[in-house]
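K.L.:
Assemble chain B onto chain A, guided by the hints.
There are 2 protein chains.
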Amino acid sequence: MYTNQTVIFKHKPVIIGSFSIVGPKEGKGNFGPYFNYVMKDDCFGEKSYEKAEMKMLKTAIVGAIEDAKIKASDVNLLLAGDLLNQIISSSYAARDFDFAFLGLFGACSTMAESMAIGASLIDGHEFDTVVCSTGSHFSTAERQFRFPLELGNQRPPTSQWTVTGAGACVLSNKGVGPRITMATFGKVIDYGIMDVNDMGAAMAPAAMNTMLAHFRDTKTTPDDYDLIVTGDLGKLGSEILIDLMEDQGIKLGLNYNDCGQMYFTRNQNTLSGGSGCGCSATVLNSYIIKKLRTGEYKRVLFMPTGALMSTTATQQGETIPGVCHAIVLECDESVKDKKVKDVTLSRSKNKKILETVEENSQK
Amino acid sequence: MYTNQTVIFKHKPVIIGSFSIVGPKEGKGNFGPYFNYVMKDDCFGEKSYEKAEMKMLKTAIVGAIEDAKIKASDVNLLLAGDLLNQIISSSYAARDFDFAFLGLFGACSTMAESMAIGASLIDGHEFDTVVCSTGSHFSTAERQFRFPLELGNQRPPTSQWTVTGAGACVLSNKGVGPRITMATFGKVIDYGIMDVNDMGAAMAPAAMNTMLAHFRDTKTTPDDYDLIVTGDLGKLGSEILIDLMEDQGIKLGLNYNDCGQMYFTRNQNTLSGGSGCGCSATVLNSYIIKKLRTGEYKRVLFMPTGALMSTTATQQGETIPGVCHAIVLECDESVKDKKVKDVTLSRSKNKKILETVEENSQK
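These protein sequence lines map, in sequence, to chains A and B. When we follow the working numbering, the leftmost residue of the first sequence carries the number 23, and every step to the right adds one. When we follow the working numbering, the leftmost residue of the second sequence carries the number 23, and every step to the right adds one.
Everything labelled a hint here was simulated from the structure, so no lab data went into it. Source: prediction; values computed, not measured. Just to be clear, a hint being listed does not mean it is correct.
[To be verified] Straight-line Cα separation of at most 27 Å, DSS-like style, residue types lysine-lysine; simulated pairs:
hint: 1; chain 1: A; residue 1: K312; chain 2: A; residue 2: K91
hint: 2; chain 1: A; residue 1: K32; chain 2: A; residue 2: K312
hint: 3; chain 1: A; residue 1: K34; chain 2: A; residue 2: K69
hint: 4; chain 1: A; residue 1: K32; chain 2: B; residue 2: K34
hint: 5; chain 1: A; residue 1: K320; chain 2: A; residue 2: K32
hint: 6; chain 1: A; residue 1: K257; chain 2: A; residue 2: K34
hint: 7; chain 1: A; residue 1: K34; chain 2: B; residue 2: K32
hint: 8; chain 1: A; residue 1: K34; chain 2: B; residue 2: K196
hint: 9; chain 1: B; residue 1: K50; chain 2: A; residue 2: K196
hint: 10; chain 1: A; residue 1: K196; chain 2: B; residue 2: K93
hint: 11; chain 1: A; residue 1: K34; chain 2: A; residue 2: K91
hint: 12; chain 1: A; residue 1: K32; chain 2: B; residue 2: K32
hint: 13; chain 1: B; residue 1: K257; chain 2: B; residue 2: K34
hint: 14; chain 1: A; residue 1: K32; chain 2: B; residue 2: K196
hint: 15; chain 1: B; residue 1: K34; chain 2: A; residue 2: K34
hint: 16; chain 1: A; residue 1: K93; chain 2: A; residue 2: K312
hint: 17; chain 1: B; residue 1: K196; chain 2: B; residue 2: K273
hint: 18; chain 1: A; residue 1: K273; chain 2: A; residue 2: K91
hint: 19; chain 1: B; residue 1: K93; chain 2: B; residue 2: K34
hint: 20; chain 1: A; residue 1: K69; chain 2: A; residue 2: K313
hint: 21; chain 1: B; residue 1: K257; chain 2: B; residue 2: K32
hint: 22; chain 1: B; residue 1: K34; chain 2: B; residue 2: K62
hint: 23; chain 1: B; residue 1: K320; chain 2: B; residue 2: K34
hint: 24; chain 1: A; residue 1: K32; chain 2: A; residue 2: K358
[To be verified] Each pair of labels, with its calculated beta carbon distance range:
hint: 25; chain 1: A; residue 1: R177; chain 2: B; residue 2: M23; range: 50 to 58 Å
hint: 26; chain 1: B; residue 1: T341; chain 2: A; residue 2: D269; range: 26 to 34 Å
hint: 27; chain 1: A; residue 1: G67; chain 2: B; residue 2: D246; range: 43 to 51 Å
hint: 28; chain 1: A; residue 1: Q338; chain 2: B; residue 2: V218; range: 48 to 56 Å
hint: 29; chain 1: A; residue 1: T243; chain 2: B; residue 2: N175; range: 55 to 63 Å
hint: 30; chain 1: B; residue 1: Q337; chain 2: A; residue 2: G67; range: 44 to 52 Å
hint: 31; chain 1: B; residue 1: N175; chain 2: A; residue 2: P170; range: 23 to 31 Å
Beta carbons: idealized from backbone N, C-alpha and C, even for Gly.
Just chain A, with the same shape it has in the complex (with noise of 0.2 Å):
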C-alpha cells in the first residue's frame, strides 16, 4: 500500500542478520566499538583498492549470512551497488554467491535503496529472503572522482572523507529482529551546486524534499522517531538540511544526526565528515540495528542521500543533482518494553567468517 512517495508495508520485513567491516581508520573512530570486522590495513590482502573493496563487500554479505543464522542457499537475491563505474565492486563480489543479483546505483543512498526494494519485494511476497549491501574506499573514490592520493591535494574545509567500509543485511519474511515498517521513495532534486568538494550542499535539498515527503504522506512528526539520520550530509550539510526543514516549518531536534558528521573524532580530522556509500551502511548494520534490537531505539528513520554526479557531468559544466531514499526501522515487539540479550555477532567469531570469504575467493 502507498501514499504517494510512501509505501506502508503491511508484513514489515525482518531484518534477521546483518554485518559491517571498516577500514583501520574508521575502527578509531566514533563507531569503532560496534563494528564487526576492522581491517589491518586498507588494502585487506589484496593487490588494488579495487579488489579490496570487492572483498569488503563479499565479507560483509557473507557476515550478514552468518548473522541471519541462516544457509547462503536460503537467500533469493542480493541488491547491492556501489560508487564505482559500472558498480564493478557489487557485480564482482556477487559473482561469487550462487544467488540472483539486481545492481543498483543510487550513490551514497544506496544503503536505503536497496532496502527499500527489497523489502517491497518481501512485502509483495516476489521473495522470502534478500540481502542487501553496499560500500566505499577513500582510496578508490578518490582517485575515481577527484584526484591520485599521490597528489597530496589539499582538501577545502567542506570536503568529506570517503569511508572505507561495507555493510550488509538479510531481509526476510519472518524471524526476530527490527522491523521495516515504511520506505519512502525520493526525488531526483538539484539545487545547482556544482562543486565537488561540497557535497553536503548538493544533497541537503534531496533530504529536505524526501524528508517532507515523509512526514506529509506518514503524517508523522520529527518527534515520533527516536533518531532521524541522514547518510553522509556531514557537518555542513547536515546544517543546511535544519535550515531548510526549518524554513518549511519544522524543527529538527537533539534526535535529528547525521552518519557522517558522527562517524569520526575530531582529532581525526576529517573535516565536514564521513562520507560514501559504506558511512551510512556501516552505521546502520552495527550501532543503529543492535540499539533496535536491545529496543534502545524503538522506531529510527534512515534517510541517506546520493550525490549523483560523474566527473564526465562535471567536466561539461553540469551541476550536482542529489536523491534520499527513507526507510523507517521499529524495534521488534518483543523488546519494546523489556532489554534483550544483544544478537550480534562478537568479535571472536569474525575469524570464521573470514576463513569463509577467503575459500570463496579461491573459487
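P.N.:
Chain B in isolation, oriented as in the chain A frame:
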C-alpha cells in the same frame, strides 16, 4: 509468488504505453519503420553526446507517458539506468520529472531489470504506475569504454556497434495491453572472457544460466514462446548461446533470435551486430510491443544480457562477468484470437512530444 529465481505475477502488470527513439543509423536499420522517432543527427541539438543521451531518455519517458494516455502526475516511480559512469543519463533525465527515481545498473540487461522490479512493485501493490527506461549512445560508449572516436581505431570482427537509442514503457496495475506474467532474476556468471571487443562471448553464459533457470522454474520449453529474444549477444554471442543450450539438451529453433543480431542491415557494417542498453530497449518498445498489441505474438521471452565490465576492472586484469534477467510478455486476452487496431503512437504525434521535452529542458 516465486519458484527459485522466477517470480510468477499474480496480477500480471500491463504495459500501457511505450516509446522508442533512435539515431539516424539505427533508423536505417531493420527496425527503422517501427521506431517512434528517428533523430536527424545523433547530437540531438545538444552540445555533447552525453547530453544528447540524457535528452533521448527524457524523450522516451515523455513519449511513453503520452502513449499511455496518462498524466505525468499519475506516475509513481521511474526505474532507469544506463551504461555511463554513475548512470548520469538516467539520473539527469530523472531531475526533470516530478516522480520518485530508482537508479539501476545492469549494463545492457537494464531494460529487463527495470521491468522485473517495476512489475514486482506493481504486482505486490507497492505502486500503481511506474515507468521503466534505458538507453545508450554509440559515441558516449565508445569514448568511455574503448577508444576516442578521433583515433579511427580498427574494429575486430567480434566487436559490436553500440546502438544510439532509448526506450521506455509504462507499467500499470490496470488497463489494456501486453502483460508481464513472469520474471526470472539472473545470477552473475563469469566464464573468464577478457576481450572487451567480444562482449557476446562474455554474456552468452549468463544468458544460458538464466534461460535454464527460467525453463526449470516455469516448466516451459522453447516451444511455449512465439519469440525468445536476447538483447545484444550479437552474431557470435547468439551462436555461442545456441551451442551452450544444445550442450544442455535444449534446442533453440527459429523462434530464437537476438536484437543485436537483427538490428542493422548487412551493408551497415556493424560486424557482430548491435549492442548497448538501447539495443534491446528500442526493439522491445517498438517492434515487440507492437506485435504483442496486435496479437501477432502471443507470448515472448525477453532476456537482455549485460556485460558487467569497467575499464578499471579490465586494466587490473579482471575478467568480464555477465548477467541476464528474463521477463515473459503475453498479449492481452482481447487480442488472443483477433487482430486489433494498432495503438502505437503514430509518427505525426512526435513533434508534440519533442516540444514537451524542450519545454521541460528549459526548467
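K.L.:
Give a verdict on every hint.
P.N.:
Hints versus structure:
Proposed proximity of A:K312 and A:K91 is supported: the alpha carbons are some 16 Å apart, at most 27 Å. The straight-line distance between the Cα atoms of A:K32 and A:K312 is roughly 24 Å, inside the 27 Å bound, and the hint therefore holds. About 42 Å separates the Cα atoms of A:K34 and A:K69, which puts this hinted pair outside 27 Å; it is violated. Between A:K32 and B:K34 the alpha-carbon distance is near 21 Å, which keeps this suggested pair within the 27 Å criterion.
At most 27 Å may separate the alpha-carbon atoms for a hinted pair to count; A:K320 and A:K32 meet this at roughly 18 Å. Restraint check: the Cα-Cα separation between A:K257 and A:K34 comes to about 33 Å, which exceeds 27 Å; the hinted pair is violated. Proximity of A:K34 to B:K32 is assessed by CA-CA distance (about 21 Å); at most 27 Å being required, the pair is judged to hold. For the suggested pair A:K34 and B:K196, the alpha carbons sit about 26 Å apart, so the restraint of at most 27 Å is met.
At most 27 Å may separate the alpha-carbon atoms for a hinted pair to count; B:K50 and A:K196 exceed this at roughly 54 Å. A C-alpha spacing of about 39 Å is found between A:K196 and B:K93, which places the hinted pair above 27 Å, so the restraint is violated. The suggested pairing of A:K34 with A:K91 holds, with an alpha-carbon distance near 20 Å, which does not exceed 27 Å. With a C-alpha separation of about 18 Å, the suggested pair A:K32 and B:K32 falls inside the 27 Å cut-off, and the hint holds.
A distance of roughly 33 Å separates the Cα atoms of B:K257 and B:K34; the hinted pair therefore is violated under the 27 Å criterion. Of the pairs offered as hints, the one joining A:K32 and B:K196 holds, with about 22 Å between alpha carbons and a cut-off of 27 Å not exceeded. Between B:K34 and A:K34 the CA atoms are separated by roughly 24 Å; this keeps the pair inside 27 Å, and the hint holds. At most 27 Å may separate the alpha-carbon atoms for a hinted pair to count; A:K93 and A:K312 meet this at roughly 22 Å.
With a C-alpha separation of about 37 Å, the suggested pair B:K196 and B:K273 falls outside the 27 Å cut-off, and the hint is violated. The hinted pair formed by A:K273 and A:K91 fails the criterion: a straight-line CA distance of about 41 Å is larger than 27 Å. The hinted pair formed by B:K93 and B:K34 meets the criterion: a straight-line CA distance of about 22 Å does not exceed 27 Å. Between A:K69 and A:K313, the direct Cα distance comes to roughly 36 Å. Violation of the 27 Å bound is thereby established for this hinted pair.
Taken as a hint, the B:K257 and B:K32 pair is broken in the structure, with Cα atoms around 36 Å apart against an allowance of 27 Å. Between B:K34 and B:K62 the alpha-carbon distance is near 38 Å, which puts this suggested pair outside the 27 Å criterion. Simply put, B:K320 and B:K34 have alpha-carbon atoms about 14 Å apart, close enough for the 27 Å limit, and the pair holds. Restraint check: the Cα-Cα separation between A:K32 and A:K358 comes to about 19 Å, which is no more than 27 Å; the hinted pair holds.
The beta-carbon spacing between A:R177 and B:M23, approximately 52 Å, falls within the hinted interval of 50 to 58 Å. Restraint check, B:T341 to A:D269: a C-beta distance of roughly 52 Å breaks the suggested window 26 to 34 Å. For A:G67 paired with B:D246, a C-beta distance near 49 Å keeps the hint of 43 to 51 Å intact. Between A:Q338 and B:V218, the C-beta spacing of about 24 Å breaks the proposed range 48 to 56 Å.
Against the hinted window of 55 to 63 Å, the Cβ-Cβ separation of A:T243 and B:N175 comes to about 60 Å, which satisfies the hint. A hinted range of 44 to 52 Å is violated for the C-beta pair B:Q337 and A:G67, which are about 20 Å apart. A hinted range of 23 to 31 Å for the beta carbons of B:N175 and A:P170 is consistent with their spacing of about 27 Å.
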